[in-house]
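A.B. asks: Listed below are the residues making up each chain.
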Amino acid sequence: MAKQVSRRTAADNEYLHKDFHGALSAGIEYLHQRYGAQAVRDYLGEFAAAYYAPLTAALRLEGLVAIRDHLAHMYQLESGKIQLTCSDDELLLEVEACPAVAHMRRHGYPVARLFSETTRAVYEAICRGTPFKVQVLAYDESSGGSVVRFYRSPQ
Amino acid sequence: MISCTDFIPAYSKLFQFLEARGGREAVLDFWHYLSDNFLGNLKRLVQEHGLHGCWLYWDRTLTEEAADFTMELDEEAGRFRITVHRCPSKSRLLECRRLQPYHDYCGHCDVLYRRVLEPLGYGYLLDASRCGEASCSLEVWDPKKGLDVPACPEAFASCAGAPGE
Numbered sequence: 201m202a203k204q205v206s207r208r209t210a211a212d213n214e215y216l217h218k219d220f221h222g223a224l225s226a227g228i229e230y231l232h233q234r235y236g237a238q239a240v241r242d243y244l245g246e247f248a249a250a251y252y253a254p255l256t257a258a259l260r261l262e263g264l265v266a267i268r269d270h271l272a273h274m275y276q277l278e279s280g281k282i283q284l285t286c287s288d289d290e291l292l293l294e295v296e297a298c299p300a301v302a303h304m305r306r307h308g309y310p311v312a313r314l315f316s317e318t319t320r321a322v323y324e325a326i327c328r329g330t331p332f333k334v335q336v337l338a339y340d341e342s343s344g345g346s347v348v349r350f351y352r353s354p355q
Numbered sequence: 046m047i048s049c050t051d052f053i054p055a056y057s058k059l060f061q062f063l064e065a066r067g068g069r070e071a072v073l074d075f076w077h078y079l080s081d082n083f084l085g086n087l088k089r090l091v092q093e094h095g096l097h098g099c100w101l102y103w104d105r106t107l108t109e110e111a112a113d114f115t116m117e118l119d120e121e122a123g124r125f126r127i128t129v130h131r132c133p134s135k136s137r138l139l140e141c142r143r144l145q146p147y148h149d150y151c152g153h154c155d156v157l158y159r160r161v162l163e164p165l166g167y168g169y170l171l172d173a174s175r176c177g178e179a180s181c182s183l184e185v186w187d188p189k190k191g192l193d194v195p196a197c198p199e200a201f202a203s204c205a206g207a208p209g210e
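Going down the list, the sequences are from chains Y and B. Quick note: to get this note's numbering, add 200 to the position in the first sequence (first position is 1). Quick note: to get this note's numbering, add 45 to the position in the second sequence (first position is 1).
Some clues are possibly wrong.
Unchecked claim - Below 25 Å or equal to it, Euclidean Cα-Cα: the simulated SDA-like pairs (lysine to any residue) are:
no.: 1; chain 1: Y; residue 1: K203; chain 2: B; residue 2: D187
no.: 2; chain 1: B; residue 1: K88; chain 2: Y; residue 2: Q204
no.: 3; chain 1: Y; residue 1: K203; chain 2: B; residue 2: A122
no.: 4; chain 1: Y; residue 1: K203; chain 2: B; residue 2: T106
no.: 5; chain 1: B; residue 1: K88; chain 2: Y; residue 2: R305
no.: 6; chain 1: B; residue 1: K190; chain 2: Y; residue 2: V205
no.: 7; chain 1: B; residue 1: K189; chain 2: B; residue 2: L84
no.: 8; chain 1: Y; residue 1: K203; chain 2: B; residue 2: Y169
no.: 9; chain 1: B; residue 1: K189; chain 2: Y; residue 2: Q204
no.: 10; chain 1: Y; residue 1: K203; chain 2: B; residue 2: Y102
no.: 11; chain 1: B; residue 1: K88; chain 2: Y; residue 2: R268
no.: 12; chain 1: B; residue 1: K88; chain 2: Y; residue 2: K281
no.: 13; chain 1: Y; residue 1: K333; chain 2: B; residue 2: D51
no.: 14; chain 1: Y; residue 1: K203; chain 2: B; residue 2: R89
no.: 15; chain 1: Y; residue 1: K333; chain 2: B; residue 2: S48
no.: 16; chain 1: B; residue 1: K190; chain 2: Y; residue 2: S206
no.: 17; chain 1: Y; residue 1: K203; chain 2: B; residue 2: G166
no.: 18; chain 1: Y; residue 1: K203; chain 2: B; residue 2: T50
no.: 19; chain 1: Y; residue 1: K203; chain 2: B; residue 2: A111
no.: 20; chain 1: B; residue 1: K189; chain 2: B; residue 2: G166
no.: 21; chain 1: Y; residue 1: K281; chain 2: B; residue 2: L84
no.: 22; chain 1: Y; residue 1: K203; chain 2: B; residue 2: G95
no.: 23; chain 1: Y; residue 1: K203; chain 2: B; residue 2: S48
no.: 24; chain 1: Y; residue 1: K203; chain 2: B; residue 2: R131
no.: 25; chain 1: Y; residue 1: K203; chain 2: B; residue 2: E120
no.: 26; chain 1: B; residue 1: K88; chain 2: Y; residue 2: P310
no.: 27; chain 1: Y; residue 1: K333; chain 2: Y; residue 2: R268
no.: 28; chain 1: Y; residue 1: K281; chain 2: B; residue 2: T50
no.: 29; chain 1: Y; residue 1: K203; chain 2: B; residue 2: T128
no.: 30; chain 1: B; residue 1: K189; chain 2: Y; residue 2: A202
no.: 31; chain 1: Y; residue 1: K281; chain 2: B; residue 2: E109
no.: 32; chain 1: Y; residue 1: K203; chain 2: B; residue 2: L90
no.: 33; chain 1: B; residue 1: K88; chain 2: Y; residue 2: L216
no.: 34; chain 1: Y; residue 1: K203; chain 2: B; residue 2: D51
no.: 35; chain 1: B; residue 1: K190; chain 2: Y; residue 2: Q204
no.: 36; chain 1: Y; residue 1: K203; chain 2: B; residue 2: E93
no.: 37; chain 1: Y; residue 1: K203; chain 2: B; residue 2: K190
Said to hold, decoys possible - A few chain Y residues that face chain B, going by a derived Cβ cut-off under 10 Å, partial list only:
no.: 38; residue: T209
no.: 39; residue: K218
no.: 40; residue: A223
Everything labelled a hint here was simulated from the structure, so no lab data went into it. Virtual Cβ for every residue (Gly too), placed ideally from N, Cα, C.
Please take these sequences and the hints and turn them into a complete structure.
C.D. replies: Here is the structure:
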């Protein structure tokens, strides 16, 4: 049996480990089981408010194009098919199938019952404190396909 | 959706969230849950291929994580070792100014893999003493080969410099 050695550098590969979706799903399911549904929303909301703070700031300054560009970049990276329709007051995101859910289904990872909160709770947290709100108009549990509307709040 | 490229900060935040709710025990309980429910692929590979299963598992995960690493396998000696020169996940966490990393973020690598490998009869050691520099090493060894202590890096000196062999 030969000895084997493999040496790789960061530049050799792209940073895209899709199994992380499965790990996040496991974390969401664990939180749900042990601490309840609200804990899932609280956790995702706290994470998104902190981590996506620059996006929230950009949303305040630049409007919905900030979210549009973020979504376009993210779904391109994950090879997700989406349609974005954007005006000054409204942005419609139509996701044919969520790349995270598709990866988990393909590889047999369980999809958390509240995995949709990675859309709902996360986008709500990003919009908090801005003139914009978000509505999840449709969400398909089996594919993660969704229709999400970001809109300028009338108040 | 949270992109998989944003997962590591989300993971670190989850550890903090759990610790705030239930202390260190809550974090450990989650790591045990994750090991039992998420690392079935590592377990199957090692059950099927022995130490070579470790090579197969980490070759894919470290490649997809774009890690800077050296991986060494000596099946005859019963040793498998990874030296992570620069962990992309930990380095991203250290560079992220918006979230304070969980204080024992790298601890999950010790708990999760040990829990899979030791019941299969292998020794496991994670050296996380340089995790503040996003660097670590881990070693898996087969005690049936007469080894009851982890190998030192010199144990692999003979195969260093032969990448891709």
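A.B. asks: If a hint holds in the structure, say so; if it doesn't, say that too.
C.D. replies: Hint-by-hint comparison with the structure:
1. For the proposed pair Y:K203 and B:D187, the alpha carbon gap of about 15 Å is at most 25 Å, so the pair holds.
2. Proposed proximity of B:K88 and Y:Q204 is supported: the alpha carbons are some 21 Å apart, at most 25 Å.
3. Note on Y:K203 and B:A122: the hinted pairing holds, with a Cα-Cα distance of about 9 Å set against a maximum of 25 Å.
4. Taking the CA atoms of Y:K203 and B:T106, the gap is near 21 Å; set against the 25 Å cutoff, the hint holds.
5. Taking the CA atoms of B:K88 and Y:R305, the gap is about 20 Å. The hint holds against a cut of 25 Å.
6. Pair hint B:K190 plus Y:V205 holds up; C-alpha atoms about 20 Å apart against a cutoff of 25 Å.
7. Using a Cα cut-off of 25 Å, the hinted pair B:K189 and B:L84 holds, with the two alpha carbons roughly 24 Å apart.
8. For a cut-off of 25 Å, the pair hint linking Y:K203 to B:Y169 stands: about 19 Å separates their Cα positions.
9. Between B:K189 and Y:Q204 the alpha-carbon distance is near 20 Å, which keeps this suggested pair within the 25 Å criterion.
10. A hinted pair counts as satisfied when its Cα atoms are at most 25 Å apart, and Y:K203 with B:Y102 qualifies at roughly 17 Å.
11. Restraint check for B:K88 and Y:R268: not satisfied, since their Cα atoms lie roughly 41 Å apart, outside the 25 Å limit.
12. For the proposed pair B:K88 and Y:K281, the alpha carbon gap of about 34 Å is over 25 Å, so the pair is violated.
13. Between the alpha carbons of Y:K333 and B:D51 the distance comes to roughly 23 Å, so the proposed pair stays at or under 25 Å and holds.
14. Simply put, Y:K203 and B:R89 have alpha-carbon atoms about 22 Å apart, close enough for the 25 Å limit, and the pair holds.
15. The hinted pair formed by Y:K333 and B:S48 meets the criterion: a straight-line CA distance of about 21 Å does not exceed 25 Å.
16. For the hint linking B:K190 to Y:S206, the alpha-carbon distance of about 23 Å falls within 25 Å, and the restraint holds.
17. As the CA atoms of Y:K203 and B:G166 are separated by approximately 21 Å, the hinted pair is consistent with the 25 Å bound.
18. For the hint linking Y:K203 to B:T50, the alpha-carbon distance of about 33 Å lies beyond 25 Å, and the restraint is violated.
19. Taken as a hint, the Y:K203 and B:A111 pair is honoured in the structure, with Cα atoms around 23 Å apart against an allowance of 25 Å.
20. With a C-alpha separation of about 8 Å, the suggested pair B:K189 and B:G166 falls inside the 25 Å cut-off, and the hint holds.
21. Distance check on the hinted pair: Y:K281 and B:L84 sit about 29 Å apart at the alpha-carbon level, beyond 25 Å; violated.
22. Annotation: proposed proximity of Y:K203 to B:G95 holds, straight-line Cα distance about 14 Å (limit 25 Å).
23. Simply put, Y:K203 and B:S48 have alpha-carbon atoms about 37 Å apart, too far for the 25 Å limit, and the pair is violated.
24. Between Y:K203 and B:R131 the alpha-carbon distance is near 23 Å, which keeps this suggested pair within the 25 Å criterion.
25. With a C-alpha separation of about 7 Å, the suggested pair Y:K203 and B:E120 falls inside the 25 Å cut-off, and the hint holds.
26. Restraint check: the Cα-Cα separation between B:K88 and Y:P310 comes to about 17 Å, which is no more than 25 Å; the hinted pair holds.
27. This hinted pair checks out: Y:K333 and Y:R268 have alpha carbons roughly 14 Å apart, not beyond 25 Å.
28. Taking the CA atoms of Y:K281 and B:T50, the gap is about 18 Å. The hint holds against a cut of 25 Å.
29. A hinted pair counts as satisfied when its Cα atoms are at most 25 Å apart, and Y:K203 with B:T128 qualifies at roughly 16 Å.
30. At most 25 Å may separate the alpha-carbon atoms for a hinted pair to count; B:K189 and Y:A202 meet this at roughly 19 Å.
31. Proposed proximity of Y:K281 and B:E109 is supported: the alpha carbons are some 22 Å apart, at most 25 Å.
32. Among the hinted pairs, Y:K203 with B:L90 is consistent with the structure: their alpha-carbon atoms are about 19 Å apart, no more than 25 Å.
33. Taking the CA atoms of B:K88 and Y:L216, the gap is about 23 Å. The hint holds against a cut of 25 Å.
34. For the hint linking Y:K203 to B:D51, the alpha-carbon distance of about 36 Å lies beyond 25 Å, and the restraint is violated.
35. Of the pairs offered as hints, the one joining B:K190 and Y:Q204 holds, with about 18 Å between alpha carbons and a cut-off of 25 Å not exceeded.
36. As the CA atoms of Y:K203 and B:E93 are separated by approximately 19 Å, the hinted pair is consistent with the 25 Å bound.
37. Simply put, Y:K203 and B:K190 have alpha-carbon atoms about 15 Å apart, close enough for the 25 Å limit, and the pair holds.
38. Annotation: Y:T209 was flagged as interfacial toward chain B, and the flag holds, the nearest CB pair being 5 Å apart, inside 10 Å.
39. The interface hint given for Y:K218 holds, since its Cβ lies 5 Å from the closest Cβ of chain B, which is under the 10 Å cut-off.
40. Using the Cβ-Cβ criterion of 10 Å, the hint placing Y:A223 at the interface with chain B is satisfied: the shortest such distance is roughly 6 Å.
In this structure, the earlier hints numbered 11, 12, 18, 21, 23, 34 are contradicted, and the remaining ones agree with it.
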